[in-house]
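Novice: What follows is each chain in one-letter form.
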Amino acid sequence: MELTGAQILLESLKKEGVDSIFGFPGGAVIDIYDEIPKHPEITHYLVRHEQGAIHAADGYARATGKVGVCLVTSGPGATNTVTGIANAYMDSIPVVIFTGQVPSSLIGNDAFQEVDIVGITRPCTKHNYLVKDVEDLARVIKEAFYLARTGRPGPVLVDLPKDVAQARTEYRYPRSCKLRSYRPTVEPNRKQLSKALDLVRAAEKPLFYAGGGVISSDAHAELTWLAHNLRIPVTTTLMGLGAFPGDDPLFLGMLGMHGTYAANRAVQECDLLIAVGARFDDRVTGRVSSFAPNAKVVHIDVDPTSIRKNVSVDVPIVADCAATLKALKQDVAEGLSQEGFVRDHTPWLERLAEWGQRHPLTYNGANGTIIKPQQVVETLYDLTGGNAIISTEVGQNQMWAAQFFRYRRPRTLLTSGGLGTMGFGFPAAIGAQVAFPGELVIDIAGDGSIQMNIQELATAVCYGLPVKIIILNNGYLGMVRQWQELFYARNYCATCMDFAPDFVKLAEAYGASGFRITRPEELRPVLKEAIELPRTVIVDVHVAPEENVYPMVPAGASLNEMLLV
Amino acid sequence: MRHVLSILVENEPGVLSRVSGLFSGRGFNIESLNVGPTLEPGVSLMTITTVGENAIIEQIIKQLRKVVTVIKVVDMLDCKAVEREMVLVKVNATETNRAEILRISDIFRCKVVDVSHDEMTIEATGDKDKVGAVVAMLQRFGIKEIARTGTVAMRRSMQ
Ligand SMILES: Cc1ncc(C[n+]2csc(CCOP(=O)(O)OP(=O)(O)O)c2C)c(N)n1
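Going down the list, the protein sequences come from chains A and B. Once you know that position 104 of the first sequence is 104 in my numbering, the rest is easy, because the numbers rise by one and skip nothing. Once you know that position 142 of the second sequence is 142 in my numbering, the rest is easy, because the numbers rise by one and skip nothing.
If we strip away everything but chain B, and leave its shape as in the complex, we get (with noise of 0.2 Å):
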């Protein structure tokens, strides 16, 4: 199953190793881990990403809230959230297919935010599924080079 956990933590240094060491002390696999102030200073959100057997993962999450660093964790799936990721994709551009290219990203309401005579670098935002589509859409001109944020969350507010 996946989750994505929100975590909020103090943000002294180390914090980001007490909380991704969890996940590695039992050998799981952190698919993406985001981190950025809030409007408190010196507090800081992370979302976490993982795919685990719901029991495990229940027990990471206490073990997180033992974290003397970290202030408060909540599970998404508990919840209804707003999920977002963003990716910069770097795609081949020639004469002939950057029509196309553009094509896709009109359609995927991408932004197109650099670009060359033989390539073209393409925003795009949105959920997992989404942001994998475009990837998988762009893949066929030969992607040169991609930077995804990762995932991060929000509670919606009419639950």
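Pulled out of the complex, with its shape left as it was, chain A reads as follows (with noise of 0.2 Å):
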């Protein structure tokens, strides 16, 4: 049957399961959203700004593990998710965008909503496609789809030029897709995973390092079997927070620059450094020349550009993440009925264990009238006993909800560490929210952040969506403010937000619910109201205005050089 490009796609989203996607409509696109209502099966999430629509679809992208998927128009559309394909380009997250484009016959005339996007995107998406041909569409959705979530995941973007969402073609849907020049490696080469294998069998003080790849690849399993049968102790990135048990006796909490001192000791003093999809990025590092410096590293990534970029490393597993713990699993498996098969490394979880008792997190200053930001996280693990899904946005407030909330559950903790972008957290915690609507969604944010993406408000009343959002509002920029006291004498330029909207009147506005606390017994009670409250929901929280995130690596610095409270 003859189709219009405008009906393959939403067919062609139908094959690839897609039932939800995040846009916003306009000249370029009005074909494509012309057939969304013939289509029930597809929901349509119309946001109030497309950043907001890219975020969100990243955030859906991330609680599920499928591809998230958004739809703008051209020119202006398209450029406002920008900063959204590049947070999940940093992120690794399987997104795929649609932009609309003026007509094939008006590109390169500067012709009203014209953009380049396809150049614009080019060095922050996986890969991306201008469809000339109606002829070729069926075949791009196919492989843009196959491209966003296979081997190291990312966004890919397909610009749509409105004469080919018009035009029409016989339909069929590619089965698989002919890429000679993509073919990522899934198996781990069997060499050296022994020699990976031998490492471990040598070890004394051995440390598992976990990052983002982990969760994207499902291994979360497979490395809390591995961690609990060779009593490796456990790190992770930012990214990798509920790759392994929050809660686990072998977790040592993050590592890096906010890391915990006992996380970041251990890197300092392991011998043996097993890297699983992580990058060794410079928030985690320090300063790269004195990371882990007696550690022989072992480093499984699926992205060989991910290899020997910053720190040397021993032996190189290129592979993806589950396929290659699976592997060790079962040698490991066979080899632990022998006595002796790995080193005893009691002394060495004693020592860590002795670090984690000596400096735990912590804070001060809890005295009964003012609230410390780190108290609302900690509150908000106990209300919900860790049963929710947590977004962030970017500065103090990401921090503490790594630090303070314990991630037992791959997907639960929705951030964005390699961009760091502010306005993330909220559009993320409601594609969460439409992905899984009984979940409990909620987004710790800074009184900064929220005020960037703060008209999602109206996306989330109007689908019914009942996403928290718990705003640490300390009237700063609060971790620019942090550097300008540590580092900059002092000089708060432009990080006092002295002027804030009344967030409880702006919830309303919205048609959301507000609370406000500003007294530290109204924390818990307020918090559990908000939290049972089946709405959309704002607490803005006054806390302590100059808190700190501790412990900080001054950035350059070494891991061992380390701020304590």
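Heads up, a few of these hints could be off.
[Unchecked claim] Pair by pair, the computed Cβ-Cβ distance ranges are:
#1 A:P123 / B:D129: 31 to 37 Å
#2 B:P13 / A:V288: 35 to 41 Å
#3 B:P37 / A:L46: 42 to 48 Å
The set of hints was computed from the structure by calculation and includes no laboratory data. Predicted, not measured: the structure shown is a model, and the values here were computed from it. Beta carbons are placed, not taken as given, at the ideal position from N, Cα and C, and that holds for glycine.
Two independent chains are provided; combine them into the complex using the hints.
Specialist: Next up, the structure:
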């Protein structure tokens, strides 16, 4: 049967199992929008800003592991998604972005609402396409989804000129992709694997360093099994939180700039570092030259470019994390019956436990008159028993959410790791809530960040999405203020948010519910009420204005050089 | 270290900027870049010459291999290679120095491809050093125009 480009798009989305798209219409995509109501199996969520659409698609993808989908118009619609595309790219999140484009005949003419979005997004997409012929459309969509979710996942953009959406052709959705230049390695090299196992067996002080790759490849069960059976402690990156149970005795907490004392010390002292799906980001390593100085390094990553980018590696394994850990698990399971298969790690684990006890994550000054931001996160953990999907904005709120909430399951922390995008958390929470209507979804926010995509309150309320926004309101762009305090002689230039809207009234203006908490004794009951309310809620919590995130490794310092509380 | 990269790509719009973007995105200079079709329809060969630290070049090569439209990348440093480039040089050629220019062309086995009463255009082919030497020798006559192709390279058969 002959279909139009617009019809082909929707049929193909159906074939890919897409149930939700986040978007915003315009002239260049009006033909596609014309088809949407004819596809009741797909729900379109109208956002209020295209940045909201891409972050929501991203949040949906992070929470589900499926590909998120975003649809916007040409020109300004397309450019409004760029931050969100870069955000998904940095965190390797599978999303497919459909942008409208001016009719083919006008491309390059400075036509109304024309922009070279394929050119603009080339450095921040895994791949992108300009579809010039409707004949190519089905194949391109197939490839876009395939590229987005395989190998190292990432965003793929498809730019669709208006005339292509209108043109007709016979529709056939390809069953598979033929891409001779794209063949990600999935299975690990056996020789490298056995070298890695030799190192594991010889190590006295081994350490797992897990990143977002463990979550995106669904390798958490294997990681947990290996850690338990080999008695190897685990630290994770920010993106890796949830890859290993946050309340497990072997868990040391996050490492890096705001990592725990025990985790950072462990890195500096371990004799074997097994990096799984992590990329030695500068926020993790501190000064690279003194990172894990005594360790042999095993690095498992599906992306060969991640390996040896920042640190030298003894055993590189380019493969899917889950496939690799599964293979390792098999070998270990066979070996464990032998006496002395691995060294006894008891002294190492005892040392770590001692460090953990000596310098736990903590804060001072919860004195009954002032609310500490860390307390808010702790209370949320307490009230929810950890059963919630948490998204965060960026800044101190994000770090406290990482430190004081324990993530026991993968995909329960949605946070902008690589790009650090203020304004990410709320739309991402919307995406997660769309995917899981029955779950509790909480955005832990700063008063600065929440104002970056506050307009999405309309989206949340309009679709009855009971997202909770908990604002840790310190009246500052807190994280930048912290740097100014510590490294710029307290020159608080442009970080005091002395004007903010009345968040409670703002919530009400949008038809959501608003609460304000100013005294410690209100914290628990009001948070409880807010969580239980089946509506979109903002809770504006007034916290200690000049609280800092500790521990802190100053940028460029070694992980040993931590500032403690 | 100078590297000559030989890159086989799907000849799609944008592939050039996908490839060159990996260099510019790191603030890296491309010394020369050359593209032409291969025997296989839809597939082109790019030759890129660049100078940089080995570790960074290694990263760029890995990144290049990741580009979906890149089929194959070879660093010619890793093998013996034949390297050639071509240059067209238009020099001032007066009565008095014409013979000298012809002599130099002869020594370097260049070709004269155009001539007028006061200028001559010389074609030279060779590796980077030879082409550089030809240009240097012709410089003193006054070069009016110059067009260099940049390097193309191929593995030698006997490795
Ligand atoms: C879009 C964007 N702009 C600027 C920054 C730089 N930045 C990082 S943290 C931060 C402060 C965030 O303030 P707020 O949201 O109030 O959170 P807090 O640190 O106070 O918890 C800023 C401005 C950023 N990360 N993202």
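Novice: Against which earlier hints does the structure fall short, listed by number upward?
Specialist: none
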